[in-house]
Amino acid sequence: MTGGGPHGTTRVLVQYIYETGFKYYKMGYSAAMSYILFLIILLVSVLQYTLLGRRENT
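Numbering that gives the first Met the number 0 numbers the first residue of the sequence shown as 0 and each following residue consecutively.
These are calculated hints, taken from the structure and not from any lab test.
Possibly wrong hints are sitting among the right ones.
Said to hold, decoys possible - Distance ranges between label pairs, derived from CB positions:
1. 9 / 40: 14 to 22 Å
2. 4 / 28: 20 to 28 Å
3. 54 / 15: 30 to 38 Å
4. 4 / 26: 24 to 32 Å
5. 7 / 40: 31 to 39 Å
6. 49 / 5: 36 to 44 Å
7. 43 / 14: 17 to 25 Å
8. 38 / 6: 34 to 42 Å
9. 54 / 24: 44 to 52 Å
10. 23 / 46: 31 to 39 Å
11. 47 / 11: 19 to 27 Å
12. 23 / 52: 39 to 47 Å
13. 54 / 25: 41 to 49 Å
Just so you know, these numbers come straight off a predicted model, no measurement behind them.
Here a beta-carbon is modelled for each residue, glycine too, at the ideal position from N, C-alpha and C.
Based on the sequences and whatever the hints tell you, model everything.
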């Protein structure tokens, strides 16, 4: 929509990963960023699940 705004200020991380891999042909770098993003999402999900699970059981 906005093309990322001035200097990509409104571009989200997933869009940046996509453009890095398919627009600039840096597939390895894009894959590494995707893997790190997956680990961050997994960590946040596990923390949320454990903390909310403890709160519901008490």
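For each hint, the structure was consulted:
1. 9 / 40: 14 to 22 Å: holds, 21 Å
2. 4 / 28: 20 to 28 Å: Distance hint for residue 4, residue 28 holds at roughly 23 Å.
3. 54 / 15: 30 to 38 Å: Holds - the Cβ-Cβ distance for residue 54 and residue 15, about 35 Å, lies within 30 to 38 Å.
4. 4 / 26: 24 to 32 Å: Holds, at about 26 Å.
5. 7 / 40: 31 to 39 Å: Given range 31 to 39 Å: violated, Cβ gap about 22 Å.
6. 49 / 5: 36 to 44 Å: The hint (36 to 44 Å, Cβ to Cβ) holds, given that residue 49 and residue 5 are roughly 40 Å apart.
7. 43 / 14: 17 to 25 Å: Distance hint for residue 43, residue 14 holds at roughly 20 Å.
8. 38 / 6: 34 to 42 Å: violated, 27 Å
9. 54 / 24: 44 to 52 Å: holds, 47 Å
10. 23 / 46: 31 to 39 Å: holds, 33 Å
11. 47 / 11: 19 to 27 Å: Given about 20 Å between the Cβ atoms, the range holds.
12. 23 / 52: 39 to 47 Å: holds, 42 Å
13. 54 / 25: 41 to 49 Å: Roughly 42 Å apart at Cβ, these two residues keep to the hinted range, so it holds.
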